[in-house]
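So you can see what is in the structure, the chains are spelled out below.
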Amino acid sequence: MSLDQAFSTFVAECRELLEEMESILLSLESNSAAPDAIHALFRGAHTIKGSAGLFFGLERLVEFTHVVESVLDQVRDGEVAMNRDLASLLLRCCDHTSALLAMTTDGAVVDAEQQARLLAGLEAYLSPPASRPLPLSRSEEPTALLLEVSEDGPVAENANWHLSLRFGPDVLRNGMDPASFIRYLATIGEIVSVHTLSDPMPPAEAMDPESCYLGFEIDFKSEADKETIEGVFEFVRADCRIRILPPHARIVEYISLLQEHPDGDQMLGELLVNSGALTRRELEEALRIQRPAPALHGQPIGEILVEQNMVPQPIVAAALHKQTQTRQAKQQENSTIRVDAAKLDHLINLIGELVTAGASTQLLSNRSGNGELLEAATVLARLVEEVRDSALKLRMVPIGATFSRFQRLVRDISQELGKEIELVITGAETELDKSVVERIGDPLMHMVRNAIDHGIERADERLAGGKPAAGRLHLNAFHESGSIVIEVSDDGRGLNRERIWQKALERGLVQPNQHLSDQEVFKLIFEPGFSTADQITNLSGRGVGMDVVMRSINALRGTIELDSQEGHGTTVSIRLPLTLAIIDGFLVEVSGSSFVIPLDMVLECVELSDADRAAMDERHYINLRGQVLPFIRLRDMFQVDGSTGRRENVVVVQYAGQKAGLVVDELMGELQTVIKPLGRIFSHLKGIGGSTVLGTGSVALILDVPALIQQAIASAGQRV
Amino acid sequence: MHAASDSQHRTALEGDLTIYRAAEIKERLIPPISAHRETELDLSGVSEIDSAGLQLLLLAAKEARRHQHAFRLSFLSQPVEELLALYNLHGYFID
Chain B
32 MSLDQAFSTF
42 VAECRELLEE
52 MESILLSLES
62 NSAAPDAIHA
72 LFRGAHTIKG
82 SAGLFFGLER
92 LVEFTHVVES
102 VLDQVRDGEV
112 AMNRDLASLL
122 LRCCDHTSAL
132 LAMTTDGAVV
142 DAEQQARLLA
152 GLEAYLSPPA
162 SRPLPLSRSE
172 EPTALLLEVS
182 EDGPVAENAN
192 WHLSLRFGPD
202 VLRNGMDPAS
212 FIRYLATIGE
222 IVSVHTLSDP
232 MPPAEAMDPE
242 SCYLGFEIDF
252 KSEADKETIE
262 GVFEFVRADC
272 RIRILPPHAR
282 IVEYISLLQE
292 HPDGDQMLGE
302 LLVNSGALTR
312 RELEEALRIQ
322 RPAPALHGQP
332 IGEILVEQNM
342 VPQPIVAAAL
352 HKQTQTRQAK
362 QQENSTIRVD
372 AAKLDHLINL
382 IGELVTAGAS
392 TQLLSNRSGN
402 GELLEAATVL
412 ARLVEEVRDS
422 ALKLRMVPIG
432 ATFSRFQRLV
442 RDISQELGKE
452 IELVITGAET
462 ELDKSVVERI
472 GDPLMHMVRN
482 AIDHGIERAD
492 ERLAGGKPAA
502 GRLHLNAFHE
512 SGSIVIEVSD
522 DGRGLNRERI
532 WQKALERGLV
542 QPNQHLSDQE
552 VFKLIFEPGF
562 STADQITNLS
572 GRGVGMDVVM
582 RSINALRGTI
592 ELDSQEGHGT
602 TVSIRLPLTL
612 AIIDGFLVEV
622 SGSSFVIPLD
632 MVLECVELSD
642 ADRAAMDERH
652 YINLRGQVLP
662 FIRLRDMFQV
672 DGSTGRRENV
682 VVVQYAGQKA
692 GLVVDELMGE
702 LQTVIKPLGR
712 IFSHLKGIGG
722 STVLGTGSVA
732 LILDVPALIQ
742 QAIASAGQRV
Chain P
2 MHAASDSQHR
12 TALEGDLTIY
22 RAAEIKERLI
32 PPISAHRETE
42 LDLSGVSEID
52 SAGLQLLLLA
62 AKEARRHQHA
72 FRLSFLSQPV
82 EELLALYNLH
92 GYFID
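Residue numbers (the numbering used here), protein chains in the order written: chain B, 32 to 751; chain P, 2 to 96.
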């Protein structure tokens with residue numbers, strides 16, 4: 032893998048980790064966090080720091096993340112408690128980390144003042160408790176070697192660091208050697224004594240020559256600080272048990288060290304006395320003080336038992352085996368593959384070609400009359416359909432991830448505006464095409480901002496109106512007849528028809544004598560330059576938003592509907608097609624020209640009755656079992672030459688609750704086909720949404736049903 | 002390489018005493034220890050040693066103790082001296 036590829040993988044993973052951390056912090060703020068939330072936070076910061084350290088130019092990111100990691104380490108150890116203030120601070124730190132990352136990818140500028148502020152905030156959590164003596168620094172003289180008693184209990188005489196190291200079994204296999212760590216340690220201080228232990232080593236039959244069974248108790252004289260000494264073991268920190276006791280550490284710390292390793296070839300206590308870490312008197316003191324063993328570093332009990340060698344070898348092996356099994360199970364749960372989007376697109380293109388090829392094969396086999404061939408072709412067609420569906424599903428992602436991002440946005444904006452907002456999300460598992468998901472984020476964000484900024488009133492206004500003080504914002508998504516519908520609803524003040532009408536008049540968007548339905552008036556807010564906001568806030572009201580939203584949605588071949596009740600709230604519904612590539616269609620013919628109607632919008636087909644046919648020129652609707660059905664004659668719409676046949680047929684289509692009839696000559700049946708977009712020359716054509724190549728090799732135009740329905744309704748209205 | 006009498010066994014290791022040969026060396030080194038009352042290992046020919054190699058020496062010592070036999074190192078090459086010094090195990094192997 033080239034360095035560039037490695038770097039872009041790092042950036043993607045870093046972003047994911049930051050998102051995860053943000054979501055955990057939000058849940059901590061609202062007291063709904065999972066039990067291992069803190070550990071997940073620590074792992075996130077630790078991984079970001081570690082990976083960033085591999086790349087040149089990310090030093091600032093590494094330094095900053097290191098401080099965050101240290102604070103999280105303290106929280107993990109129980110030294111510092113997590114509370115709302117800390118969670119808030121850490122959220123800001125996540126933002127800043129993103130900014131530091133963006134600095135390398137986009138060349139953005141980082142706010143140095145913000146960094147200084149955040150670091151000061153973090154440092155406050157790192158200052159050691161007043162009772163613990165600080166490690167020797169360069170300018171200080173060694174303090175008196177007396178047995179001091181502090182608030183937390185007696186303190187050891189030992190003026191040296193004591194390091195207790197137990198290397199994990201895979202250290203050697205991973206290409207590392209404990210010897211190199213000890214040699215490196217010797218470069219930042221003086222190694223006073225070393226005791227090498229091999230307690231976990233089993234008898235020869237079971238001993239694995241490539242596993243590591245080594246542990247060390249080291250007394251170390253150094254003026255370096257704990258961070259530097261910890262840093263020596265950075266690469267093995269995750270797999271090894273490392274305890275670093277500073278000079279004059281509290282006796283209780285030695286106690287917990289002893290409790291970690293009660294038995295071995297050499298009693299640890301004796302060892303500590305022999306190496307001078309503890310005096311005999313201190314050891315006796317330590318053993319006398321009763322103190323329950325806390326879960327160290329959040330280690331599960333099973334692991335501690337295994338390490339204490341208090342369990343016979345076969346059971347140790349079984350326990351380790353179980354641990355591996357659990358770890359593997361966890362890995363399987365999260366198993367996904369990162370796929371290059373271009374490769375996926377290429378695959379879908381190929382499948383599109385496959386669909387077309389399959390269609391012509393089927394056609395030819397039909398004509399051949401060869402029974403076996405026909406059967407084989409049918410089987411092939413079915414498989415192609417399955418492959419097509421699976422391939423399209425690869426591109427489908429749940430909208431939940433996009434919705435979750437709004438948690439943070441809503442929290443930030445509501446704090447900024449001083450409004451209390453509750454965000455409710457439903458339908459998060461609803462899936463849609465990846466490319467659509469990417470492009471729907473911004474328009475959605477804009478609508479959410481609008482809802483919070485203009486829709487939801489301030490708490491006092493709401494209470495006066497008999498509403499709960501907290502505003503409710505609801506994000507919903509569901510599938511409906513081949514489309515995905517996304518709703519943004521609020522229970523705020525709703526749209527004011529009058530105000531919108533007035534503004535539209537002012538801007539010359541409407542004439543005074545025009546009659547528009549409520550829907551049509553509401554839709555005026557999507558016109559460019561429109562804004563009824565009295566105050567242009569930071570977020571919205573500049574009048575540039577909603578028309579951009581409309582254009583984005585149109586580009587995705589979607590539509591927007593507004594539903595509002597003054598005083599009660601507004602719901603914006605966005606409707607988008609599910610797939611942009613391949614469709615199931617219904618083929619029709621008009622005088623030899625072929626058209627495809629998206630199957631999911633087809634309701635039924637009926638023959639055009641003689642009565643309707645005769646009356647067609649006068650009235651622009653068809654009588655469908657007593658219902659009025661506006662219609663369009665494709666022959667007229669697209670000005671197809673040729674005379675009409677004896678019978679004509681009507682395909683009844685529907686979209687967003689509206690129906691219309693498309694009058695055609697012949698009904699040819701269902702087909703699946705690849706949408707080939709029309710060139711830009713044809714983009715102004717109303718009623719056509721694309722083209723496709725049929726099995727016969729001829730081209731068929733795909734109808735834009737929503738547009739045709741609108742057209743049918745419009746012309747029916749005019750005639751009446 | 003092997004001494005004449007059964008109760009005393011002299012052997013030597015040469016070359017790399019590292020993880021790359023650890024499995025092979027274990028097979029050579031350990032079985033004779035249970036078979037002989039005394040085993041003496043000459044490491045003057047060892048050009049490189051790592052912790053995996055060192056572990057085998059520790060294992061040999063443990064095996065000997067388990068069978069109440071003796072195991073010691075007779076001659077040490079420079080790399081072996083250095084690692085034993087680093088780990089403070091010199092006195093452990095050399096009486």
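No lab work stands behind these hints, which were simulated from the structure alone. Beta carbons are placed, not taken as given, at the ideal position from N, Cα and C, and that holds for glycine. There may be inaccurate statements among the hints.
According to the in silico footprint, chain B covers these stretches of chain P (three or more CB under 8 Å from chain B) [as the list claims (entries may be wrong)]:
no. : region
1   : 8 to 15
2   : 41 to 47
3   : 67 to 81
Beta-carbon label-pair distances, calculated as ranges [stated by the list, open to error]:
no. : chain 1 : residue 1 : chain 2 : residue 2 : range
4   : P       : Phe76     : B       : Phe266    : 30 to 36 Å
5   : P       : Glu39     : B       : Gln36     : 42 to 48 Å
6   : B       : Gly88     : P       : Ala13     : 25 to 31 Å
7   : B       : Thr259    : P       : Glu83     : 22 to 28 Å
8   : B       : Thr259    : P       : Gly92     : 44 to 50 Å
9   : B       : Glu221    : P       : Gly46     : 30 to 36 Å
10  : P       : His91     : B       : Arg115    : 30 to 36 Å
11  : B       : Ala37     : P       : His91     : 56 to 62 Å
12  : B       : Gly88     : P       : Glu83     : 36 to 42 Å
For each hint, the structure was consulted:
A count of 0 residues in the region 8 to 15 of chain P with a Cβ less than 8 Å from any Cβ of chain B is obtained; the coverage claim is therefore unmet, three being the minimum. Restraint check on the region 41 to 47 of chain P versus chain B: 0 residues with Cβ-Cβ distances below 8 Å, three needed, restraint violated. Here's how the region 67 to 81 of chain P fares: 1 of its residues keep a CB closer than 8 Å to some CB of chain B, so the rule of at least three is not met and the hint is violated. Look at Phe76 (chain P) against Phe266 (chain B): about 35 Å separates their beta carbons, and that is inside 30 to 36 Å.
Distance hint for Glu39 (chain P) and Gln36 (chain B): a CB-CB separation of about 58 Å, inconsistent with the stated range 42 to 48 Å. At roughly 52 Å, the beta-carbon separation of Gly88 (chain B) and Ala13 (chain P) lies outside the given 25 to 31 Å, and the hint is violated. At roughly 25 Å, the beta carbons of Thr259 (chain B) and Glu83 (chain P) sit within the given window of 22 to 28 Å. At roughly 31 Å, the beta carbons of Thr259 (chain B) and Gly92 (chain P) sit outside the given window of 44 to 50 Å.
The hint said 30 to 36 Å for the Cβ distance between Glu221 (chain B) and Gly46 (chain P), and at roughly 33 Å that hint holds. Checked against the hint of 30 to 36 Å, the C-beta distance between His91 (chain P) and Arg115 (chain B) comes to roughly 57 Å, which is inconsistent with it. A hinted range of 56 to 62 Å for the beta carbons of Ala37 (chain B) and His91 (chain P) is inconsistent with their spacing of about 44 Å. With their beta carbons about 38 Å apart, Gly88 (chain B) and Glu83 (chain P) fall inside the hinted range of 36 to 42 Å.
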